[in-house]
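Note that the protein sequences, when read in sequence, are chains V and R.
Convert by adding 152 to the 1-based position in the first sequence; the result is the number in the numbering used here.
Convert by adding 1 to the 1-based position in the second sequence; the result is the number in the numbering used here.
These aren't lab readings, by the way, just hints derived from the structure by calculation.
Certain hints may be false.
[Claimed, not checked] Each pair of labels, with its calculated beta carbon distance range:
id	chain 1	residue 1	chain 2	residue 2	range
1	R	Lys166	V	Trp200	39 to 45 Å
2	V	Pro293	R	Asp277	54 to 60 Å
3	R	Gly86	V	Tyr231	44 to 50 Å
4	R	Ser257	V	Ala339	48 to 54 Å
5	R	Met220	V	Ala216	56 to 62 Å
6	R	Ile192	V	Trp210	27 to 33 Å
7	V	Tyr231	R	Gly118	56 to 62 Å
Glycine included, every Cβ here is placed at the ideal spot set by N, Cα and C.
Residue strings, one per chain:
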Amino acid sequence: MSETIPAKEGPAVTQATLVKKAAPKSDYKPADVSPQRRVQRSFAVRLWSVRHSRLLEWFYAKFADMFLLLHPLWKGIGYGRVEGPIKFVEKRVKGFMFDCRMCGQCILSSTGMSCPMNCPKQLRNGPCGGVRANGNCEVEPDMPCVWVKAWEGSQNMVHSDRILTVQKPVDQSLRETSAWLRVTAQAATAREAAAAAKNGAANTGASA
Amino acid sequence: MIGRQRDENPAGIDLPLEPLPGHTSRGRLERVLRRGEFAVTTELNPPDSADPEDVYNRAKIFDGWVDAINAVDASGANCHMSSVGICALLTRMGYAPIMQIACRDKNRIAIQGDVLGGAAMGVANMLCLTGDGVQAGDQPGAKPVFDLDCMSLLETCRIMRDNGKFLSGRKLTTPPQLFLGAAINPFAPPIDFRPHRLGKKIASGAQFVQSQYCFDVPMFRTYMQKVRDLGYTEKCFILVGVGPLASAKTAKWIRSNVPGIHIPDSVIKRLEGAQDQKKEGKQLCIDIINEVKEVSGVSGVHVMAYRQEEYVAEIVDESGVLKGRQPWKREIRRDDQLVADRLDSILHDDITETQVDMVKTAH
């Protein structure tokens with residue numbers, strides 16, 4: 153925390169300065185920004201998504217219902233077999249809309265439609281203490297902080313308190329899998345379990 | 002004075018204290034805070050060496066002035082002696098370290114192992130942090146890990162302590178007894194979210210929090226008002242981060258180079274106007290302590306005096322926050338004195354005793 157205060161006397165050089173000085177001098181410095189450097193430099197679509205978080209929240213809810221309706225179809229073909237094509241579409245659609253990183257456990261509806269995996273520290277529970285005064289990222293000075301945007305986006309949404317739930321750590325084994333299918337499969341299982349419990353209760357009631 | 006101090010195990014200074022009802026750890030810091038005393042913590046500047054004396058010499062500066070010492074985990078992403086190592090040394094000598102754990106360098110497997118190891122060495126307090134990005138430090142080419150974030154780290158520690166289980170669900174034979182801490186920064190955007198974030202941290206298991214440097218007291222008051230309204234001050238001890246600024250130049254440098262530290266213009270103006278800027282920086286720190294200690298819900302201060310460690314004692318003394326109380330101090334105990342008396346002769350007198358002589362003196 154207090155690490156960064158410079159030396160009081162001029163000649164006392166920190167190791168960081170030495171490393172910087174020792175680095176080769178040239179015009180081309182690809183490694184000058186951060187190790188989490190990304191290719192794209194424009195955040196327009198991502199910011200549009202955050203601004204329209206309420207609309208997207210509504211759309212996403214409908215979309216999830218539709219996916220659940222198609223559950224018999226997915227089951228018929230086999231979830232394993234549809235995984236490939238669905239992932240292909242999901243990756244591109246969410247990649248365009250939210251700069252999705254395919255963590256496989258989407259929590260966009262809890263983070264104001266701002267993907268937390270775009271945070272260089274991949275924080276899933278709120279901003280770190282290093283957010284710049286202008287609301288930009290500490291690691292990538294040009295990028296608006298993912299969590300400043302998440303807070304703005306969440307305040308427009310119907311379920312604005314979802315941002316307050318504590319998220320579990322990312323399960324790295326789910327990377328590059330379809331979150332849409334997983335959520336659908338889980339919802340279907342839950343629905344079937346509920347129906348089975350109801351039937352079971354009715355049966356025991358009838359037999360008693 | 003030779004005798005037992007208040008929070009000390011009579012069987013040995015390095016041993017954990019008697020468990021008390023309502024306490025989750027067997028450490029000194031939790032006792033001080035739960036007694037309602039104004040706690041003082043500080044940060045040990047970690048050495049770039051393998052010499053244990055470096056750690057002891059740096060800890061000695063704070064003797065009798067602080068309740069706990071933060072052992073930083075490569076703060077600012079600069080490489081130093083590890084926090085586990087510093088804690089191992091400090092606990093041996095009876096100090097109460099706060100072991101910082103940053104998510105930057107270790108994944109969940111390493112972190113859970115360190116929590117157990119630290120607790121086994123007698124570390125009672127652990128501070129769960131996200132950690133600075135690697136680009137901030139001296140090894141920007143390192144791989145940033147960030148497997149957990151500070152919130153899931155807190156929850157992991159809490160699960161280990163309360164449920165006696167690893168994150169995977171595997172059982173621990175002896176769970177660690179910990180007082181869990183976290184960091185807060187009320188001075189960075191999104192300002193509205195910050196109090197709620199503290200709430201999330203409390204829900205994840207934070208029992209005390211240390212704040213980032215506070216130079217803007219009105220801003221801190223607004224934050225605390227919101228925190229009190231949400232009822233978080235009853236669930237968590239809040240320690241305000243303070244520290245002396247060496248000069249106006251340093252202050253400006255920090256403001257433009259260290260994200261997350263907010264220094265208002267008035268502070269810089271005050272430093273620039275002073276004859277002796279270093280002295281003024283110290284005075285400013287004391288003034289801020291005097292202001293924040295009156296804010297309701299504040300349970301202590303965390304004095305961060307990087308490369309000005311010698312001022313910590315003066316700052317604590319002159320601000321009078323201890324109200325005459327003296328925190329635990331390493332001192333000669335009765336048995337140490339006994340050993341010294343008995344063995345003194347070996348060190349200084351050059352006598353060769355035969356067994357016959359020994360028998361005579363023994364009778």
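We went through each hint and held it up to the structure:
1. Checked against the hint of 39 to 45 Å, the C-beta distance between Lys166 of chain R and Trp200 of chain V comes to roughly 43 Å, which is consistent with it.
2. At about 35 Å, the CB distance of Pro293 of chain V to Asp277 of chain R disagrees with the hint of 54 to 60 Å.
3. A beta carbon spacing of about 49 Å between Gly86 of chain R and Tyr231 of chain V agrees with the range 44 to 50 Å that was offered as a hint.
4. Separation of Ser257 of chain R from Ala339 of chain V is about 50 Å and conforms to the stated range, judged on CB atoms against 48 to 54 Å.
5. Between Met220 of chain R and Ala216 of chain V the Cβ separation comes to about 41 Å, which falls outside the hinted range of 56 to 62 Å.
6. The hinted range of 27 to 33 Å is satisfied by Ile192 of chain R and Trp210 of chain V, whose Cβ atoms lie roughly 28 Å apart.
7. With their beta carbons about 42 Å apart, Tyr231 of chain V and Gly118 of chain R fall outside the hinted range of 56 to 62 Å.
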